[in-house]
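Using the hints provided, position chain V with the ligands relative to the given structure of chain E.
So the protein lines, in turn, are chains E and V. The first sequence begins at 1481 in the working numbering and counts up by one. The second sequence begins at 1078 in the working numbering and counts up by one.
A few of these clues could be false.
To be verified - Ranges between beta-carbon positions, derived for each pair:
1. V:D1203 - E:R1749: 36 to 46 Å
2. E:S1750 - V:A1249: 56 to 66 Å
3. V:K1222 - E:P1730: 26 to 36 Å
4. V:I1210 - E:T1734: 28 to 38 Å
5. E:T1516 - V:E1102: 48 to 58 Å
6. E:P1513 - V:T1133: 51 to 61 Å
7. V:E1102 - E:P1730: 17 to 27 Å
8. E:N1574 - V:K1222: 51 to 61 Å
9. E:N1627 - V:T1080: 50 to 60 Å
10. V:K1233 - E:N1742: 14 to 24 Å
11. V:T1133 - E:A1735: 20 to 30 Å
12. V:F1089 - E:H1503: 26 to 36 Å
It is worth saying that the hints were derived from the structure and are not from the lab. Glycine included, each C-beta is placed from N, C-alpha and C at the ideal position.
Letter by letter, the chains look like this.
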Amino acid sequence: MALKGNLRDFSITQLLNLINLAHKTGTLAIEGPKDTAWVSFRKGKLAYSQMGRDDSHLASSHYRAKKISPSQHKMIRARAGGMSDKELGLLLVNANYITQEDILASLQAEFIGTIHRLFTWAEGRFGFENNVLPPNDKILLRINLENIIIEGSRQLREWEQLQDEIPSLDIALKFTDRPGTKLQNINLSVEEWRVAKYIDPKNSIRQIANTTKMNDLEIRRIVYSLLQAGLIEMVRQEGLEVKPRQIGLPTKDTAEQKSLVNRIIDRIRSI
Amino acid sequence: MQTVKMVITGPFNSGKTEFIQSVSEIDVVATERKISSEAEKIKDTTTVAMDFGRITVDQDLVLYLFGTPGQKRFDFMWEILSEGMLGFIVMVDSTRPETFREARSILETFRAYAPTPYVVTANKQDLDDAWDIEDMRIALRLDPKLKFLPCVATSKDSVKNVLLELLYSILAEMEAGT
Ligand SMILES: Nc1nc2c(ncn2[C@@H]2O[C@H](COP(=O)(O)OP(=O)(O)O)[C@@H](O)[C@H]2O)c(=O)[nH]1
Ligand SMILES: [Mg+2]
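Bound conformation, chain E alone:
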């Protein structure tokens, strides 16, 4: 079924978060006001991206990344016109023009660069096609999304949106226990680290804010980034008295209450 919408309402970081957590495989197409971008994922990791009519040929990526000179670029394009990226990559490595690491690094920079550009798009219709990937001759990578998401959500500035995302400061946080996410591999800012230190179901967000001397806006921003990256989740604060469930029934007698609910169930079944 559809995963469609507009970036105006559902941001690129929210999309990346969804793709990351659901381990999605497929291609996201985003139609911005001026350009169209395609971003592909395998099992929730960034695999490939292309912005508009940017020349996606491997030689051009390397030229842009200044890994090869203008004359090398021209020569390769002339001679290897019909070659696939994979073939060309192999050729370049074998010819000692560049190393395999160079290839992967410049592709990675290029793909992440596309996403950085997407962060600046305030609107754009998007659609995700499950299991659709770029043609076989393209070189696909496996780039973790957490760092990219954190960078993107740092740009969220709207107070109202933050308030909706984090409706109360009287809730606690805990680290998610998702395999494969190591905090050490995430590029947290100093402020984020300060907050991360206190993440524990025993501390409310408000308490963390007080301890780290952050105001509502600052703490919300940081918590939001960590939430979006799937690193933490909101939980009820431990040690807090749990309000008893109040089920509105005209009787206090439990046997009678159950009988009442069962009567409603029978009636609804019969509608």
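Quick look at chain V with the ligands alone, frame taken from chain E:
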């Protein structure tokens, strides 16, 4: 005569009226129209258009379904409405991701008012543009243990299923409490 109530909440246009109408014995929309008639408009800060449905269970028991006015400016009503309810249902329009954030905020607000059992529905699952239920669960950041049910409010069977699931949760809650 005993009465119990359930509250149906969610953003504007998520399908609350349709949901109640599908199982109510009385005309929900008529109630709405009457309340928002010209004569009443003057005091429309206190009497806002509110959906209202009824299911007679048996001779001594009636179940009322209340739909909340979705707009934020009426949220002072929510607390009053939620008082003494059996449980509540949060409706989310599966085709409108722009409302997901508001839906979550409504859910949190209600949870704070009333610690009663609740379920969340992904409504309009019959439409082509509907998001997958599992994608919505992540986007709405719902607890994996929470009942999040696909729904088509125009279908009586679908609405019955949601009501029953909420009632089963209520029963389970009672069993756990005894
Ligand atoms: N296709 C489809 N349309 C629905 C469904 N539920 C509600 N609608 C339509 O969506 C619109 C808004 O529904 P309504 O009940 O008035 O929303 P409310 O503002 O939450 O009360 C109406 O045109 C309904 O007929 C559904 O499950 N499927
Ligand atoms: Mg309505």
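- [ ] Determine which of the earlier numbered hints do not hold for this structure and return their numbers in increasing order.
- [x] Hint check: 1, 2 fail, others pass.
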